[in-house]
Amino acid sequence: MIRTKLTTKFGIDHPILLAPMDKVSGGTLAAAVTAAGGLGLIGGGYGDAEWLEEQFSAANNQPVGVGFITWALAEKPHLMDLCLERKPRAMIFAFGDATEFVMKCRDAGVPSIWQVHRVEQARQALSAGTDVIVVQGQEAGGHGMDRGLATLLPAVRDAAGPDQIIVAAGGIGDGRGLAGSLMLGADGIMMGTRFWAATEANGLNSAKARLVEAKGDDTLRTKVFDVARGLDWPWHFSGRVLQNDYSRRWHGDIDALKANESERTRYNEAEAEDYATRVVIGGEVVDLIHAIKPAGEIISDTVAQAEELLSNAQNYLT
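Counting in the working numbering, the sequence shown runs from 2 upward without gaps.
Derived by calculation from the structure, the hints in this document are not laboratory data.
One or more hints might be untrue.
[Stated by the list, open to error] Think about it this way: if two alpha-carbon atoms lie no more than 30 Å apart in a straight line, the pair counts; the simulated DSS-like pairs of lysine-lysine are:
id: 1; residue 1: 24; residue 2: 105
id: 2; residue 1: 259; residue 2: 24
id: 3; residue 1: 259; residue 2: 77
id: 4; residue 1: 88; residue 2: 24
id: 5; residue 1: 105; residue 2: 6
id: 6; residue 1: 24; residue 2: 10
id: 7; residue 1: 77; residue 2: 224
id: 8; residue 1: 88; residue 2: 105
id: 9; residue 1: 294; residue 2: 10
id: 10; residue 1: 10; residue 2: 88
Please work from the sequences and hints to get the whole structure.
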């Protein structure tokens, strides 16, 4: 078994976190990841109190955490209290200054996790005293920035020092990503897209099938679908998605899409399985996804492959 500061901190068997994907990472998936020895995190996303209550119940008393889009949580701060009342195993914040929320977690005795995309963001997280820093590379599905994980991760480790718990995210879908991340300075990994293609993930099976069929070359970082959905994301974040007809039409003409109400309406009124129009969020790791599997099997496969690679590492030494 792989032991790191992350597994010790949370008392988990494997250094694997479920990314809190908005509405995809529900209580059932989070519970399955925890039951398999990782740490499941419910995707609180933009904030929906009723949905959150349902997902905590769906977790069926498994120790799970919850994550939020930081700038959206700042607009609904009461959701922080709702979650803390549930005594989550951890709370994770991404896309914004989470200092206030880290302090609230500390006061409540709940471990905090802060996702970063730049070294200066990591320094901010360190100053706030967050328990765990997630370093996300641009390869990730969903929102992020433009630094690659292979250089950003060791840079954050150098800035943070040896004692800070650091988790790698972005483009990780199997044991090679886990083993490689440990060598680059991480104490574990967080996977999103790979768990989106899990049996227990919320969402349509047809959308999951598209992740299996897609290639990394089919993905794109864009703001098209934020504009189409009327989401006021900060300018420096874009979302990695599977390209479709809608993104190909509007990716190079965002200002025109902002001015075209009928096209935005067409997007929002499209059928859920109209994938020529509707977005399927996914990262470059889709190259490594070959089947929809239960979360427990994804974890066991990932850990077994990483253990084999790490066990054979001495073969590279003469």
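If any of the earlier hints don't hold here, list their numbers in rising order. When the structure is compared with the hints, none of them turns out to be violated.
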